[in-house]
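Asks: Work out the full structure, taking the sequences as your base and the hints as a guide.
There are 2 protein chains.
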Amino acid sequence: MSDRIFNFGAGPGVLPESVLKEAQRDLWNIAGSGIGICEHSHRGKVFDKVINEAEQVCRDLAGIPGNYKVLFLQGGASLQFAMAPMNLLPKGGTADYLVTGVWSEKAVKEAKLFGTVHEAATGKGSKFTRIPAAADIKYSPSPAYVHFTSNNTIYGTQWRSEPAPPSGVPLLCDASSDIYSRPIDLSKYGLIYAGAQKNLGPSGVVLAVIRDDLVERAPKDLPVMLQYRTAVAERSLYNTPPTFGIYMMGLVFKWIRDTGGLAAMAERNEAKAKLLYDALDESKHFTVPAEAGSRSLMNVCFRGPGEEMENRFIAEATKRGFEGLKGHRSAGGMRASIYNAMPRAGVEALVAFIREFDKKEPR
Amino acid sequence: MSDRIFNFGAGPGVLPESVLKEAQRDLWNIAGSGIGICEHSHRGKVFDKVINEAEQVCRDLAGIPGNYKVLFLQGGASLQFAMAPMNLLPKGGTADYLVTGVWSEKAVKEAKLFGTVHEAATGKGSKFTRIPAAADIKYSPSPAYVHFTSNNTIYGTQWRSEPAPPSGVPLLCDASSDIYSRPIDLSKYGLIYAGAQKNLGPSGVVLAVIRDDLVERAPKDLPVMLQYRTAVAERSLYNTPPTFGIYMMGLVFKWIRDTGGLAAMAERNEAKAKLLYDALDESKHFTVPAEAGSRSLMNVCFRGPGEEMENRFIAEATKRGFEGLKGHRSAGGMRASIYNAMPRAGVEALVAFIREFDKKEPR
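Residue numbers (my numbering), protein chains in the order written: chain A, 1 to 363; chain B, 1001 to 1363.
Hints should not be assumed to be uniformly reliable.
[Unchecked claim] Have a look at the derived ranges for each label pair, beta carbon to beta carbon: (1) A:Glu-270 / B:Leu-1237: 30 to 40 Å; (2) B:Glu-1234 / A:Lys-274: 31 to 41 Å; (3) B:Gly-1092 / A:Glu-270: 53 to 63 Å.
[Claimed, not checked] Only some residues are given here: those of chain B computed to face chain A with a beta carbon under 7 Å: (4) Gly-1009; (5) Pro-1012; (6) Val-1014; (7) Leu-1015; (8) Gly-1034; (9) Ser-1041; (10) Gly-1075; (11) Leu-1237; (12) Asn-1239; (13) Pro-1242; (14) Phe-1244; (15) Pro-1289.
Calculated from the structure, these hints are not laboratory results.
We treat Cβ as the ideally placed atom computed from N, Cα and C, and that holds for glycine.
Replies: Okay, structure coming up:
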């Protein structure tokens, strides 16, 4: 029996146990080098292999085209909210943002420091319970790029597929909470970035994939660490990168590959989400605020009939070994995050608990 | 017998073995929570204790005054090279830099993007083999701050004590490679920052300590992630921080405390460095380019009579289990980095090898 419990936290999230076991060993001594992974020079042979393999498997998983650069950055998606416009929004230009929640709003706020932002769609009116339909999106005449947030952890909504930007306009995406949870066609994107701590690894490292023609759009008088061209030119090794995070990301990529790749991952994620949503839809007491076509397969947000019952549910669940079910402080209610590494068994156990709780509840 | 070897790499550097063992356990399940350290929410109770303890022990070790904020940041010292002037160099202002090597030069380059830089002293003329004396330093009339690099990994030089800035002018310091290697009086500093990967932990996290009156000097239209005030206001939790790095730093702080604190650390470091420098000074074949009063206690840089012999020395050392002795590519020669976590036994073994090699060498 494992001494580990089911962690439904929204991030940093659960990691595959096989990855943790490998990391335990390599912390002490990786690849028989006599030196632990955190202690290796980022310019030595051992780490060279680590970062090269991480990039290669990352590329293989999504079939990333050759004209795209894979970067490992720092500062989280929150720093990307600023870096993207610093690099890609020219002076006097306009960028279009599709606003689907708090994270999109934060991205907008940073972009406004560098140029004009046009909100091509916003879900604010519907309390972010739905993803805009194509007809709801009104692009500006000539945007420098279109930015969207593929999955919204706080409201439990997710784009089924990418929005279609005007022809020739680069599509930018914050995919922090659903990257590599399903197959993805990177050729539709100009830039995609994701903090690792939900589907890819520990916090402190960002995966960014950028189309190479965009790299040189940045002004050259930006701080060197805030230009994509620096990371491109130095293959993410301009300065000491977060070596442990890159190492862990590499292990997670291999775990995805070895468990069937992105298509198999998507199947498992769809099945896990269906189990949960079905149980909630069939319940007498629980509701899902997100609209049917917009429901997230990563963060299942749900409510009870009142705060008293919600708190009781969370407390009881915690006692049973289900951790991290409290909804985001700005949304309330419950949230079960079921990222790639959440095993089906965890979801099944939670579903059984939900049904049991629902049945016992009077009314 | 351990399967680990002696790692003299300049960074990421060796970590204490007791810290690695604790991290191995906690990667799987920390504090009996059933969840590994990398998988805990940065807003949950377990991580709250981790970051609070890290900060508290950090404060206790150096007796950090109450009007200083302790921050855990991302992006390495390289991002601080830009953040410091972005926040502390007002438009039209001048900042004074003491240039003692490549890292200082990089800091200058970033600062020039935001204002005027006055090089109050530079060791360029002497190939960075010495730290400027007080008489060599010519400050500008009214600098916004004075910046220096306390230890220079590439040239093996180190300030014995802080430069004295003009009265009332804040002193800024990149202490990446010698922080907490000796007692430090933080009240002399306005801002000190250090990438963790030499003396404090794994790469990917920066320790910054800032005097609180400086925090509000920053313009408010900077990206939110690039303002010190954000990290101050949110106690380094504005977005998901590098949780594993902060955790590891906390363990290293406790290890320093439990092995006697900074004064004991300094004694051990001085003794280790003396062993090495004595062996080199007494040798027939090796020389130390750094001037006597400027020698680093962290990075012992030395040369042989020619590249052929140097390469032979490094190759032979590697075979014997001494890793990371090759000097920086821009300086050549050899470099033994003997940070806090390098045990005296490692230095003794290297000294024995140096003496043996020196004796066998013909001439």
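Asks: Each hint should be assessed against the structure and marked as holding or not.
Replies: Going through the hints against the structure:
no., hint, in the structure
1, A:Glu-270 / B:Leu-1237: 30 to 40 Å, "holds, 33 Å"
2, B:Glu-1234 / A:Lys-274: 31 to 41 Å, "holds, 37 Å"
3, B:Gly-1092 / A:Glu-270: 53 to 63 Å, "holds, 58 Å"
4, Gly-1009, "holds, 5 Å"
5, Pro-1012, "holds, 6 Å"
6, Val-1014, "holds, 5 Å"
7, Leu-1015, "holds, 6 Å"
8, Gly-1034, "holds, 3 Å"
9, Ser-1041, "holds, 5 Å"
10, Gly-1075, "holds, 5 Å"
11, Leu-1237, "violated, 11 Å"
12, Asn-1239, "holds, 4 Å"
13, Pro-1242, "holds, 3 Å"
14, Phe-1244, "holds, 5 Å"
15, Pro-1289, "violated, 22 Å"
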